[in-house]
Amino acid sequence: MSSHLKTWPLSLFLGIVSFPLVLMYVYLVIDTITVTPPGSIIPEKFTLEDWRFLFEEATGRRPSIWSVTLNSFILASANSIVIVSISATAGYALSRLNVPFRSFFLAGMMVLHAFPTVTLIVSIFLILQMVGLYNTLIGVILVKASLLMPFGVWIMKGFYDTVPWEIEMAGVQDGASRFTVWRRLVLPQVQPGFLALGVFAFLDGWSEFILPQVLAPSSDVQVLSVYLAGLIADEFYFDFGLFKAVGLFYSVPVILLYLFFQDKLMNIYGGGSKG
Amino acid sequence: MRIVLDAVTKQFGAVKAIDDVTLEIVDGELLALLGPSGCGKTTTLFAICGIHRIDSGRILFGDLEVSGLPPQRRSVGVVFQSFALYPHMSVSENIGFPLQVRKESKAEIERKVDEVADLVHIRELLERRPAQLSGGQQQRVAIARAIVRRPDILLLDEPLANLDAKLRLEMRSELRRLQKETGITAVIVTHDQVEAMSMSDRIVIMDDGRILQIGTPDEMYHRPSNKFVAGFIGNPPISFADGKVEDGRFVTEGLDFDLPDRIKKASVTAGQNITLGVRPEYLQPDFATPIEAEITFIENQGREALYDLTLAGGHVFRSIQSGEPICKLGDKIRWGIDADASFFFDDQGKRI
Amino acid sequence: MRHQSDRLGLAFLTPALIFVVLFFLSPVVLTAVFSFTTMSTATGISGGTYRITPSAVRSAAEKGLNPATAERLSQERYTIDDDALTRATKAGIDAEILKELERDLKGKSTDDRRSFERLLKKLDNRPNRRQVKSISPHFRTSILNQSFEDRTTLDATLENLGLDAAERARVAETSYTGWIWTSANFRRMFLQPDTYRILINTIVYVFTTLVIFNTGYAMVLAIVTFYLPGRQATVYRTIWFLPRITPPVIYVLLWKWLAWDTGFISTITGWFGVASRNWMLDTSLNAWVFVVLINGFVGASMGMIIFSSAIKTIPESLFHASAVDGAYRWQQVRHIILPQLRWPILFLTTYQTLSLLSSFELIFLATNGGPGSATEVWSLAAFHLALSNYAGNLQYGLGAAFALILVLIGITASLFYLRLFKFSEMISKPRIEH
Ligand SMILES: Nc1ncnc2c1ncn2[C@@H]1O[C@H](COP(=O)(O)OP(=O)(O)O)[C@@H](O)[C@H]1O
Ligand SMILES: [Mg+2]
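Residue numbers (the numbering used here), protein chains in the order written: chain A, 1 to 275; chain B, 276 to 627; chain C, 628 to 1061.
Just so you know, the hints here were simulated from the structure itself, not pulled from any lab data.
Mixed in with the good hints, there may be bad ones.
Each computed SDA-like pair below joins lysine to any residue, with the alpha-carbon atoms no more than 25 Å apart [unchecked claim]:
hint : chain 1 : residue 1 : chain 2 : residue 2
1    : C       : K1056     : B       : D393
2    : C       : K939      : A       : Y269
3    : C       : K1056     : A       : P164
4    : C       : K1056     : B       : D294
5    : B       : K291      : A       : E166
6    : C       : K1056     : B       : S357
7    : B       : K378      : C       : R634
8    : B       : K291      : A       : S103
9    : A       : K6        : C       : H947
10   : C       : K1056     : A       : F179
11   : C       : K1056     : A       : T180
12   : B       : K381      : A       : S177
13   : B       : K381      : A       : T180
14   : B       : K381      : B       : D393
15   : A       : K6        : C       : R864
16   : B       : K378      : A       : S177
17   : A       : K6        : C       : E943
18   : A       : K6        : C       : Y955
19   : C       : K1056     : A       : Q189
20   : A       : K264      : C       : F853
21   : A       : K45       : C       : I892
22   : A       : K45       : C       : L885
23   : B       : K378      : A       : I167
24   : C       : K1056     : A       : F194
25   : A       : K264      : B       : H363
26   : A       : K6        : C       : R858
27   : A       : K264      : C       : P856
28   : C       : K1056     : A       : K45
29   : B       : K378      : B       : R333
30   : B       : K381      : A       : R184
Residues of chain C clear of chain A, computed beta-carbon distances all greater than 10 Å [unchecked claim]:
hint : residue
31   : T658
32   : S686
33   : T706
34   : S736
35   : Q773
36   : F775
37   : D777
38   : L912
Values in this document were obtained by computation on a predicted structure and should not be read as measured data.
Beta carbons: idealized from backbone N, C-alpha and C, even for Gly.
Just chain A, same shape as in the assembly (with noise of 0.2 Å):
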């Protein structure tokens, strides 16, 4: 765009300020493999010592990565299948069929997509402990996924909008009923969309902080996030190396999914507001 105009002062401008940023996630890298020594900020030599929390056995203070890692994606996993085969069914019902009440169960999903959901930890903590579901993956799984399903409803709503109404009305003209038209002409259309929702809450799942540690803090059912918090907040325990190595641990699937769905992502991040 406009050729003819400098770029170099905007591109300084925006190298300058992202310089902060860039310098913490390289040295999130650096930092794991290297041993810096106090007061400097050039590594000395080259380790992976860092990386000795891969094979350590649980103890009683902290569970084994392994189990934890299990846990976390256990959770992520199960957010995202959940999600999308649920939002699946709810959009396509919103987007195309004739449900009564429609305009209400629109509006509701709208109305709870911006709706905060934090503020309700208190009364979901509560919940759970009456429900007997306290301490459990499951429980954790439950609320996550309920969640943040009206958001994924809307999105899904928003993908199966786009499907063309005649390839419907020529499914329906050939004889397929309402649930075949859906299975076999739509669901193809929108693959794109389960993938990127998918995704979504896959990373969702993964990053969630909050819920697991109020919800399921004992070690058996502990997530990474919680792991790692833990970590940091142990006292005796101080060293940058090892929280980052764990860090980039945890956040290897992060950038691996982001670097490959790029696109994808950023759009559902950014019309996430409106479907």
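Use these hints to put chains B and C with the ligands onto chain A, whose structure you have.
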């Protein structure tokens, strides 16, 4: 199969998309629904195939009332304006889909798909995806999919609108051939009168949700029931001039002639507002009723020439004559119209 | 047949509705319910028991229980009953003495130790002083520090002690350990001075972050990357998107690495002889700077995306036209780009005000409201009160009352969206009608 629409009305909120439409489609004919865009053609089509629920009236297939039946239970094949091919399926899967949902056997499906593919000449395209087809090919696939299960009736919504000019001509005769070969009852929607005139057995002209006239192309052209139909049919179009009846004469600025006997007999009263309509072929240099005008436009089409004549009062008439132009722009001429072959409309627009 | 697609629609919608109703709508309602209770760690969340503690008796007395009755409740009694006899037998007390007690004095009770021991001494078996001393503790009973599972057993016991119905009710009230309905949470919330401190903190935090980063800097990012060549723009957008997708625990860890006393800033300033310190927590002002930066860096990316796509919809020809006019870049921004952003700014401001108001995750991880309670904001206060405080007594009811304020703001704001974004235009009727 014979299809009857009996006083069918369909509303979208406050808009009456079709209003009290009564129509009989004869078995085996090709009927054209003609009208300007937004007049309710697609709505009529969707009412017949069951996508829209009608608000009042009845729709009969043969003797069976189908008004309450969903599309799946009416035997109607539809070719949509956008063709609506399923993009994730190959051509043969597209065509086989209606059979597949009826749980027909694989061999049977394959046989029927091949048969219909031969009929519409797309045998060699069966393995392709819709995105790899040209517009005309997509059109043929859409038709094949609509007729593969031998429906009672075939509906086509503006089938030629999305094709380029050359293909449009080719598909016109192709569609006609298919309809003749299969003997299927068909309704074709179009806003192009040439298309309707050249393809169909009968034409239904609609405007603003209502049927204005039903008839053969010939009737439409020579006996339009009102001004709208007369203006809509015919290319180049008819010319109109508003005037008054005085002493059995048609009078307007720059034109004054004796009304034909049939008009006089039809009880026109003196001072009545009346509109004259003259088709371009009924305005020729040597016709009886004289008309004096200036040539304000000439279009030489090679085989024939088109003239715009502007009268002293500002009325413009059109004339079409075979051969090269016989005069120049700006010439003052004195030609004539055939008053007997001209139309006269009353102030409601009805032909007298 | 007519309702085939209606039924399918309901079936398709039901799973989502179940989830949403159970874990989304019911928490909304229950937040309101809980805020009217005294629930806390002490009361538990299920029902409680009746425990006649000294403080329960004292507060019953304060509430008008007859002092003599209160005295009686606190007193010990000596009663010869089956329970006591069994206890004594188990403890190896002389069987002859117990047999005699059971035969002659069963059911008798005295108000103090001396008269009980006088009774013992009069027995035919003539227990000696030492025996008397060892026997009497087994017959001592006191309602004090006893628990009663339900009201009926409590009432029965109190009736034995001669309390009338009104007195019993009073004791029951003060000795109940479970939660009860109350509106005291709201009174406390409005009366305690901390609340206003928290309120001001919240307003400052939301306003500053919103203006500087979520809209201001986001707009700068969107406009600057718009003018940069494609590749560079993508790189910068990616960089500024990182804070949003990085899990919050790691993201805050990076800031801690920057700010803590062994961190990057301290190292650099150390070269110039500045003593190392925790820059994030050493003064309130620093804490605020970091809180705003940490939240702002995340918030900026959403605005960046929304503004960028809004700018992209401006027809290219407008820019060329103005370039020919000799308009400078600033003029382009002012007259072409900014007017286009009016609507997105409105949207973003309303939306992010809400998210900033309610989100406390990053502050919790970074400063946890410190130093002192300098960066304690409303949502964090609710969280602290109800779910995470060092005093150990989690006040669910009070926390819920704080949360309820946010819930109400949330509902109001969401309804506002509905109007703002012309909901009715978004719904079109299904076009297949059968
Ligand atoms: N689904 C609908 N909702 C509301 N109005 C509609 C709908 N479909 C058509 N209409 C209106 O009904 C009228 C007829 O439309 P249509 O049948 O599509 O016209 P045509 O096919 O002749 O161009 C138009 O005024 C159109 O705006
Ligand atoms: Mg149409």
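Quick rundown of the hints versus the structure:
A distance of roughly 40 Å separates the Cα atoms of K1056/C and D393/B; the hinted pair therefore is violated under the 25 Å criterion. For the proposed pair K939/C and Y269/A, the alpha carbon gap of about 17 Å is at most 25 Å, so the pair holds. A hinted pair counts as satisfied when its Cα atoms are at most 25 Å apart, and K1056/C with P164/A qualifies at roughly 14 Å. Distance hint between K1056/C and D294/B is fulfilled; the C-alpha atoms sit about 21 Å from each other, no more than 25 Å.
Of the pairs offered as hints, the one joining K291/B and E166/A holds, with about 22 Å between alpha carbons and a cut-off of 25 Å not exceeded. A C-alpha spacing of about 21 Å is found between K1056/C and S357/B, which places the hinted pair at or below 25 Å, so the restraint holds. Restraint check for K378/B and R634/C: satisfied, since their Cα atoms lie roughly 24 Å apart, inside the 25 Å limit. Pair hint K291/B plus S103/A holds up; C-alpha atoms about 23 Å apart against a cutoff of 25 Å.
Restraint check for K6/A and H947/C: satisfied, since their Cα atoms lie roughly 16 Å apart, inside the 25 Å limit. Pair hint K1056/C plus F179/A holds up; C-alpha atoms about 19 Å apart against a cutoff of 25 Å. Between K1056/C and T180/A the alpha-carbon distance is near 21 Å, which keeps this suggested pair within the 25 Å criterion. Restraint check for K381/B and S177/A: satisfied, since their Cα atoms lie roughly 20 Å apart, inside the 25 Å limit.
For the given pair, K381/B sits about 19 Å from T180/A by alpha-carbon distance, which is consistent with the 25 Å threshold. With a C-alpha separation of about 18 Å, the suggested pairing of K381/B with D393/B holds against the 25 Å cut-off. Taking the CA atoms of K6/A and R864/C, the gap is near 20 Å; set against the 25 Å cutoff, the hint holds. Using a Cα cut-off of 25 Å, the hinted pair K378/B and S177/A holds, with the two alpha carbons roughly 13 Å apart.
Proximity of K6/A to E943/C is assessed by CA-CA distance (about 19 Å); at most 25 Å being required, the pair is judged to hold. Of the pairs offered as hints, the one joining K6/A and Y955/C holds, with about 11 Å between alpha carbons and a cut-off of 25 Å not exceeded. Between the alpha carbons of K1056/C and Q189/A the distance comes to roughly 21 Å, so the proposed pair stays at or under 25 Å and holds. Pair hint K264/A plus F853/C holds up; C-alpha atoms about 19 Å apart against a cutoff of 25 Å.
Between K45/A and I892/C the CA atoms are separated by roughly 22 Å; this keeps the pair inside 25 Å, and the hint holds. A C-alpha spacing of about 21 Å is found between K45/A and L885/C, which places the hinted pair at or below 25 Å, so the restraint holds. Among the hinted pairs, K378/B with I167/A is consistent with the structure: their alpha-carbon atoms are about 20 Å apart, no more than 25 Å. Proximity of K1056/C to F194/A is assessed by CA-CA distance (about 24 Å); at most 25 Å being required, the pair is judged to hold.
Our distance criterion of 25 Å between C-alpha atoms is met by K264/A and H363/B, whose separation comes to about 21 Å. For the suggested pair K6/A and R858/C, the alpha carbons sit about 16 Å apart, so the restraint of at most 25 Å is met. Simply put, K264/A and P856/C have alpha-carbon atoms about 21 Å apart, close enough for the 25 Å limit, and the pair holds. Our distance criterion of 25 Å between C-alpha atoms is broken by K1056/C and K45/A, whose separation comes to about 67 Å.
Of the supplied pair hints, the one linking K378/B and R333/B is violated, its CA atoms being roughly 31 Å apart against a limit of 25 Å. Between K381/B and R184/A, the direct Cα distance comes to roughly 18 Å. Compliance with the 25 Å bound is thereby established for this hinted pair. A beta-carbon of chain A comes within 10 Å of the beta-carbon of T658/C; the shortest separation is about 4 Å. At roughly 26 Å from the closest C-beta of chain A, the C-beta of S686/C stays outside 10 Å, upholding its exclusion from the interface.
The non-interface label for T706/C is consistent with chain A: the shortest C-beta to C-beta separation is roughly 40 Å, beyond 10 Å. Every C-beta of chain A lies more than 10 Å from that of S736/C, the closest at about 43 Å, which supports listing it as non-interface. Interface exclusion of Q773/C from chain A stands, the closest Cβ pair being 27 Å apart, more than 10 Å. Every Cβ of chain A is farther than 10 Å from the Cβ of F775/C; the closest lies at roughly 24 Å, confirming the non-interface assignment.
Every CB of chain A lies more than 10 Å from the CB of D777/C, the least distance being 20 Å, so the non-interface label holds. Every C-beta of chain A lies more than 10 Å from that of L912/C, the closest at about 19 Å, which supports listing it as non-interface.
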